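Listed here are the chains, written in short residue letters.
Protein chains: 2
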Amino acid sequence: MKKSISKPARERLIQLVRLLEQVQSTETLAVITSAEIEKRTGWTNATVRRDISLLGINCASSAGYSIAALIEAIKAVLNISRSEKKCCIVGLGRLGSALLEFEGFAHSSFKIAAGFDSSVNRTEILSAPFPLYPTSRMEAVIAQEGIEYAILAVPERSAQEAAERLCKCGIKGIVNYTSVVLRVNDGTMVENISVIDALQKLSSAG
Amino acid sequence: MKKSISKPARERLIQLVRLLEQVQSTETLAVITSAEIEKRTGWTNATVRRDISLLGINCASSAGYSIAALIEAIKAVLNISRSEKKCCIVGLGRLGSALLEFEGFAHSSFKIAAGFDSSVNRTEILSAPFPLYPTSRMEAVIAQEGIEYAILAVPERSAQEAAERLCKCGIKGIVNYTSVVLRVNDGTMVENISVIDALQKLSSAG
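For the protein sequence lines, the chains are A and B, in the order given. If you count the first sequence from 1, position 200 lands on 200 in the numbering used here, and the numbers rise without skipping. To convert a position in the second sequence, counted from 1, into the numbering used here, add 1000.
Hints may be right or wrong, so weigh each one.
What the hints assert, rightly or not - Each computed DSS-like pair below joins lysine-lysine, with the alpha-carbon atoms no more than 30 Å apart:
(1) Lys1007/B - Lys75/A
(2) Lys7/A - Lys1039/B
(3) Lys86/A - Lys1168/B
(4) Lys1039/B - Lys39/A
Bear in mind the hints are in silico, worked out from the structure with no lab data behind them. In this text, all values refer to a predicted model and were calculated from it rather than measured experimentally.
Produce the entire structure from the sequences given, and follow the hints as far as they go.
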């Protein structure tokens, strides 16, 4: 089933589940129509219904989709578990340290378990709700804590070297904030979220 | 031609052009093989050749692809112009202000022309290579400066309202750093780069 869901559809479903959770936590709705989803996301009604049909379940009534059932179905099909997944932040300059106060983690299943920076000074001065370490301890801490994902926010010139070290640690995936195109091992995935890439996508689509 | 390039292929080509520019500025190579691109990106040789074939040009010789010709072809097909495009940052908390020192803009065609924050205190204290304004002046400054793209880094609770104001200003695209699913007008595109989304994509693909 998973194989047949295209990347764009999967990305929409990931966003949809977050939207539904936002609705659940702030409103009293129990069902939602595809027209309502269209209004809140801008995806067409037809796209919404097609994406949901990919889940291979029937959670629709005449009043709309059951929000709870839809959330459960998306999580099951996309393998989004509630179990906590540990991440680390590599690079605690302005961008990396900005993530220390990012609100989005609170409602997610991802937990930042450690932060690393090459400057010991920085790791000692910054305050964070999780421990900060010098980069020299990266391999040891990742193994010890069972950290699976890394958020890479180092300066551009250090990005490739840091990525290689993370690969050697057996990290499953890297969220890449730098604009460097990273070379990684087969076992490691990269998701690029450089602001330059995002701007380029917007302007080349328009 | 543009229509026939899928979103994933377009995203790879956008990254490829950046990789090629990185190679051009740091190495003396004039040609590059698809095997070399595979080594540097992790995309398979076949994927690389298929993506390049979508450009509908022949920039290959027996030694490989001409880097300069490949850059030019990708930019032409994806409509990536060298002409400067103006952006603004909306929200200058830790994340927004981190972008003030992001190195990636230097080599891009995007120029940050303004920053906005609801706290006048913050816009007065922060130093930036471009002017900072209170959010109340957003509509006036965007029109006056001809700003086309916005980078949204406000707190989650203010995200939708800020997006609506940007839509009314006729902004072409929003890079969304928040984890809120934004509702926007037809004329405005959104590119989500929430770190939570990125982590979710990595973990649901694995």
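In rising order, the numbers of the hints this structure does not comply with: Violated: hints 3 and 4.
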